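Line by line, the protein sequences give chains A, B, C and D.
Each residue of the first sequence is one higher than the last, beginning at 1 in my numbering.
Each residue of the second sequence is one higher than the last, beginning at 45 in my numbering.
Each residue of the third sequence is one higher than the last, beginning at 270 in my numbering.
Each residue of the fourth sequence is one higher than the last, beginning at 529 in my numbering.
The hints are simulated quantities; they were obtained by calculation from the structure and are not laboratory data.
Accuracy of the hints is not assured; some may be wrong.
Claimed, not checked - Keeping only pairs whose Cα atoms sit at most 20 Å apart, straight-line, the calculated SDA-like set for lysine to any residue is:
id: 1; chain 1: B; residue 1: Lys202; chain 2: D; residue 2: Leu542
id: 2; chain 1: B; residue 1: Lys202; chain 2: B; residue 2: Phe108
id: 3; chain 1: B; residue 1: Lys202; chain 2: C; residue 2: Gly424
id: 4; chain 1: B; residue 1: Lys202; chain 2: C; residue 2: Val420
id: 5; chain 1: B; residue 1: Lys202; chain 2: C; residue 2: Val384
id: 6; chain 1: B; residue 1: Lys202; chain 2: B; residue 2: Phe109
id: 7; chain 1: B; residue 1: Lys202; chain 2: C; residue 2: Leu423
id: 8; chain 1: B; residue 1: Lys202; chain 2: B; residue 2: Val253
id: 9; chain 1: B; residue 1: Lys202; chain 2: C; residue 2: His427
id: 10; chain 1: B; residue 1: Lys202; chain 2: B; residue 2: Ala116
id: 11; chain 1: B; residue 1: Lys202; chain 2: B; residue 2: Thr119
id: 12; chain 1: B; residue 1: Lys202; chain 2: C; residue 2: Arg421
id: 13; chain 1: B; residue 1: Lys202; chain 2: C; residue 2: Gly422
id: 14; chain 1: B; residue 1: Lys202; chain 2: C; residue 2: Val349
Treat the numbers as computed from the prediction; the structure is a model and nothing was measured.
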Amino acid sequence: MEDLGFIAASYVLTLGSIAALARWTLRRGRRLARTLRREELPWT
Amino acid sequence: MWRVARLVAAKDLRIEWRSRVVTNQVVPFAVLVLVMFAFALDVESVLQRVAPGLVWLAVMFSQFFLVQRAFAVETSDGALDALRVAGVDPAGVFLGKALALMAQLASLVILLLVGAVLLYRAEIRADGLVLLVTAACSATAGLAAVGTLYGGLTAGAKGRETLLPLLLAPVVAPVLIAAARATEAALGTAGTALGDGWPWVGVLATFAVAFGVVGTVAFGPLIEE
Amino acid sequence: MAVTTQPVQTERPATGRVTATGTRVTRWLAVACWLGAGWLLLAGLVLSPPDVVQGDSVRIMYAHVPSAWIAYLAFVVTAVSSAAYLWPRTRSLTWDRIAGASAEVGVLFMGITLVTGMLWGRITWGVFWQWDPRLTTTAFLFVTFAGYLAVRGLGGSHEQRARRSAILGLLAVVEIPLVHFSVVLWRSLHQEASVLNPNGDVQLDGFMLFTLFTGVLVFTLFYLWLVLHRQRVLWLQDHHDDSGLDEALSARRAEEGTP
Amino acid sequence: MDAAVELCDAVAVLGSYPALAGADLTVRRGEIVLLQGPNGAGKTTLLRVCAGLVPLARGRASVLGLDVAAHRDAVRARVGLLGHANGLYQELTVRENVDFWAATAGAGTDEVASVLERLGLDGRLADVAVSRLSAGQRRRTALACLVARRAEVWLLDEPHAGLDAAGRDRLDETLTAAAAAGATVLLASHELDRATRLATRVVEVVAGTVRQPS
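With the rest of the complex left out, here is chain A (with noise of 0.2 Å):
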């Protein structure tokens, strides 16, 4: 399979960036609701 490297590249750059920007709203969503209880979130 040739081209293998441009292939796995955009792979990995579309599922990384994915997992990037999960990673980071879930752990500022963590920081922002520190000083919340749970039934105070509207999504609970």
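Model the placement of chains B, C and D on the given structure of chain A, informed by the hints.
Here is chains B, C and D on its own, set in the frame of chain A:
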């Protein structure tokens, strides 16, 4: 609305007439940009071939400064707030400022076309004149409308000097493409036929009408604090 | 309002479980996402046959085309929620937060589309970028929404931010046909013979088409999961700013007590 | 005669800071009310709320019987706010500025002449560019623009700041004359001696709320 527009436009142009900031700073800058292009591109034939594109690029860069200036005048002493507090019809303010900006842009375009003829040996052929004038008018109308709208959006914001070009450049892209192609057709650069220019004028006109309407509606809420 | 003292919590604070913004729904969604991604990788890289014309480079399609689709979906959602915010009857900051979250995820996916598009272009055309109408509009959208996110960062109250971004969100979508049409018209002047209509118009069939649709499905799941979480974080952000209001109000009243 | 300006439990928020924390105030037409109080007490915000510039988080505000939130533009057309900024165009002359503002409210040039004369801005001064005026003259020009716009409620935020003695006297004359002609003046000022002589009533603004003086 049109009464307020006339008032605001007259006020803007009088301020420009009195302060001469545009004529003493922005116009020389635009001409300078033409000269810098010549330094950068160097090859005579290339310059002549891309002259229309360069003219409109210089107009686009100058538009950033013209819009900055138009709103610096308003925010320097809180005049924009005063216009809002006085309940002056925001649509009128938008049209007034856009008309003033259009007048400045139009005079700039004329000057830069002359510059292109002198510096880049572009030739303006007689039968292309109608196309050239229509294209220039609709392009400047579009640029004025979209410039005033985004100028209002960033008027009070911090860091607006860099934010305005970031917002304006992509939006102005269609005008840049259309105006350059229409001007090429008008000047007949690289053998483009006259007829090819008219669809581009259509694009320019649609752009101008679209942003004229959107601006008139959205300007009020946009400058609302 | 710096969060200085850590209030004493009797039961576990909201972050007891893995995530603060997580619920059962998002956990199932997360599981589905990663399973789907696994299947996409398997199908895209291994199971699906190489294309008769392009060879293996078609595999990038399974990431490139779906991410473009999702980016367009994200910007449409932003436009719709911006309109919903501007409509007096349905005005609420939730719409603004959805618009903001969707725009952020949209910019991410548009970035992915551009990068994968260039990688794919490098293999097929031998050049990273080609002024093809679709790619150019993609680039335009990427920059426009980067500007949108920059405007969201400007100061002012939540309502001010919401109103400004809503107008810009709608404006951006209105500009798409203008840009696309002028680019198509522009490119039609250059009749260079491109042997293959670039990206996406490759005729996929059978298993390859199935993989493409899996890609779209998986990316949609990712999009939903990201927007759900991102929107909740924006709520936390606004709440964090506002919660300062009640404390400040009581502080002010206390201040008034002592002349 | 309904109240010219009425605030009921007005709460206004700037960012997350409650500039107004439940203010109540009633001002009748023709009154000159002095808002007294330390810096940052909320005087400026109170004026901006009456001018329909700052939305209320809670409570209600009405000017000339119109609810500010509902009839924002109508309120703004009949109200004049003179804040720290004069809202003038530096490159234009005094006359051109006042002409512009008068024209936005549909007033004629003859009316402008009388306004300039009343505020001592006529003659040679009228044709001087605003950028070359002193702070006091600029303030008076801003006031002239307000008068030329035929505003019925005047919201003045420390108008005396930067004025020389003569300028302050002229300002007081104009305010008294305007009030006599039925305008209502809400004045935030630190010039206690002068302002108390001028004002028909004084209220205290402390920590975002309004209190009758103890």
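Consistency of the hints with the structure:
For the given pair, Lys202 (chain B) sits about 17 Å from Leu542 (chain D) by alpha-carbon distance, which is consistent with the 20 Å threshold. For a cut-off of 20 Å, the pair hint linking Lys202 (chain B) to Phe108 (chain B) stands: about 16 Å separates their Cα positions. Proposed proximity of Lys202 (chain B) and Gly424 (chain C) is supported: the alpha carbons are some 8 Å apart, at most 20 Å. Distance restraint check for Lys202 (chain B) and Val420 (chain C): the Cα-Cα separation of roughly 11 Å lies within the 20 Å cut-off, and the hinted pair is therefore satisfied.
For the hint linking Lys202 (chain B) to Val384 (chain C), the alpha-carbon distance of about 32 Å lies beyond 20 Å, and the restraint is violated. With a CA separation close to 16 Å, the supplied pair Lys202 (chain B) and Phe109 (chain B) stays within the 20 Å bound. With a CA separation close to 7 Å, the supplied pair Lys202 (chain B) and Leu423 (chain C) stays within the 20 Å bound. Between Lys202 (chain B) and Val253 (chain B), the direct Cα distance comes to roughly 30 Å. Violation of the 20 Å bound is thereby established for this hinted pair.
A C-alpha spacing of about 17 Å is found between Lys202 (chain B) and His427 (chain C), which places the hinted pair at or below 20 Å, so the restraint holds. A C-alpha spacing of about 13 Å is found between Lys202 (chain B) and Ala116 (chain B), which places the hinted pair at or below 20 Å, so the restraint holds. For the hint linking Lys202 (chain B) to Thr119 (chain B), the alpha-carbon distance of about 12 Å falls within 20 Å, and the restraint holds. Simply put, Lys202 (chain B) and Arg421 (chain C) have alpha-carbon atoms about 13 Å apart, close enough for the 20 Å limit, and the pair holds.
In summary, the hint linking Lys202 (chain B) to Gly422 (chain C) is supported, as the alpha carbons are separated by about 10 Å, within the 20 Å threshold. The straight-line distance between the Cα atoms of Lys202 (chain B) and Val349 (chain C) is roughly 28 Å, outside the 20 Å bound, and the hint therefore fails.
The structure does not agree with the numbered hints 5, 8, 14 stated previously, though it agrees with the rest.
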